[in-house]
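Colleague: Sequence:
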Amino acid sequence: MIAGFSVGAVYNIINAGFVGALHSTPLLAALTFSLPVFALVMAVGGVFGVGGGTFVSRLLGSQEEPGADAEAAATRIKQVSSFTFWGAIAGGVVIGVLGVIFATPIAMAVGASGASLEPTALYIGAMFAFAPIYVSAFALEQLVRAEGAAVASMTGLIASTIANLLFDVVFILGLGWGVLGAGIALGLSNIVTVAYYVWWLSRRSESISLAPRFFRADREMLTTVFGVGASELLMSSFLIVTTLVMNWIAIAYGASLLAAMGVALRIAQLPEMICMGVFMGAIPLFAYAFGARNGARLRKAITGSAVAIAGIVLVFSTIVFLFRDQVFALFSADPSVIEDGTLILTAMLVSTLFNGFTGLIIAVFQATEQMRNATIMSVAQGILFIPVVLIGNAVFGITGVIWAMTVTELLVLVLGAALFAASRKALVATPEQAEAALAAAEEAVAA
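Numbering (the working numbering), first residue to last: 4 to 450.
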């Protein structure tokens, strides 16, 4: 999982490099404007993928409990996986159709104007056209990981990345289609991912089924999948809001700042995506251990993930920081973009440490059915950023805008640590004890 996310981060850097090779600041700005839209599409995939994937992992773990009805659990796993896949496709179709129709108004809503409006609308339209593919690819990858098939998950991600690079060469450099070519390349590469995961789950999976005959949408299914997935949707939704606010504020300082933000974000994604690979890859293990009521295994998995995240951030962020000037020069020859970008990159690398631990805590909450805590943290990330960036802009100007996300990530991490400490007893308890512990924790937090 770490390797898969790392390769994906490298692809994002190279993709921005392909667009940057066209020497157009408006095109780079278009990629930045489109980030909240892509987050929206992936949020739908997260609702079904994270919700369904953790449900499957808990069901697999529950089969280890003494006296468990293994046959009933096996049937339920097939029902959950079928609902996850077909529900994701349906959700992708709905937002895809609406997005293609309203691509230009959406581009204007995210802040694009002038020379950046047309390329932003083209890129957004391409993303929405492939929305069912993106959403189902994310959901399928979560199902593959839920079964513990880390190698298969990584293979699908790497295959998609390699295909992406090849398509980029064809559509961006060969045909000269700019950001539209980048959007088409991304969509086609995800078709490769979907095809591979469908093949693997159909031929190699021992537990999961995508067959429509197993599709169920009963109350427990909807409550469990959407209950966990809701935190993922909220987190992505507030990410969209924060990105929009950031875009609206940053555009007042010029298109070069916005372009610099987009490039810096892609560079900082390397250590961030590796950390995400750690805690996203560990979610099935957390859920499995929780479902089996194996407290020792759960604690060991959480501790190991935390140590890995700390080490990754220190090593990779240091490397990226040391070579930030050289790397940034590969994306743009505009001196103002390079100057703004190096400062933005510094702030983003610092926030990577806070973000890594925050993501780990949210992952634990999602895997252990602590939906309330996961939702609180997801909402906090969005709500806290707005006053922080507004105050930062008013008091410190552009410097306050650049460091606003770092400050927000620190505040959310402090909140997450408090919630984790208050509810830790629920991680290693029986179902009855867990419910009581969570109730006590919620009362303590409310107080």
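These are calculated hints, taken from the structure and not from any lab test.
No residue lacks a Cβ here, since even glycine has one placed at the ideal position from N, Cα and C.
Mixed in with the good hints there might be a few duds.
Unchecked claim - Simulated restraints on C-beta separations:
#1 ARG222 <-> ALA397: 19 to 25 Å
#2 ARG427 <-> GLY151: 42 to 48 Å
#3 VAL96 <-> GLY151: 55 to 61 Å
#4 VAL318 <-> THR402: 24 to 30 Å
#5 VAL244 <-> ARG222: 27 to 33 Å
#6 GLY151 <-> VAL244: 31 to 37 Å
#7 THR107 <-> VAL154: 39 to 45 Å
#8 ILE322 <-> LEU101: 39 to 45 Å
#9 ILE322 <-> TYR256: 26 to 32 Å
Stated by the list, open to error - Here are the simulated SDA-like cross-link-like pairs (lysine to any residue), alpha carbons at most 25 Å apart as the crow flies:
#10 LYS81 <-> VAL96
#11 LYS81 <-> TRP203
#12 LYS81 <-> LEU225
#13 LYS81 <-> ILE243
#14 LYS81 <-> TRP251
Colleague: Tell me the numbers of any earlier hints that the structure contravenes, in ascending order.
Modeller: 1, 2, 3, 13, 14
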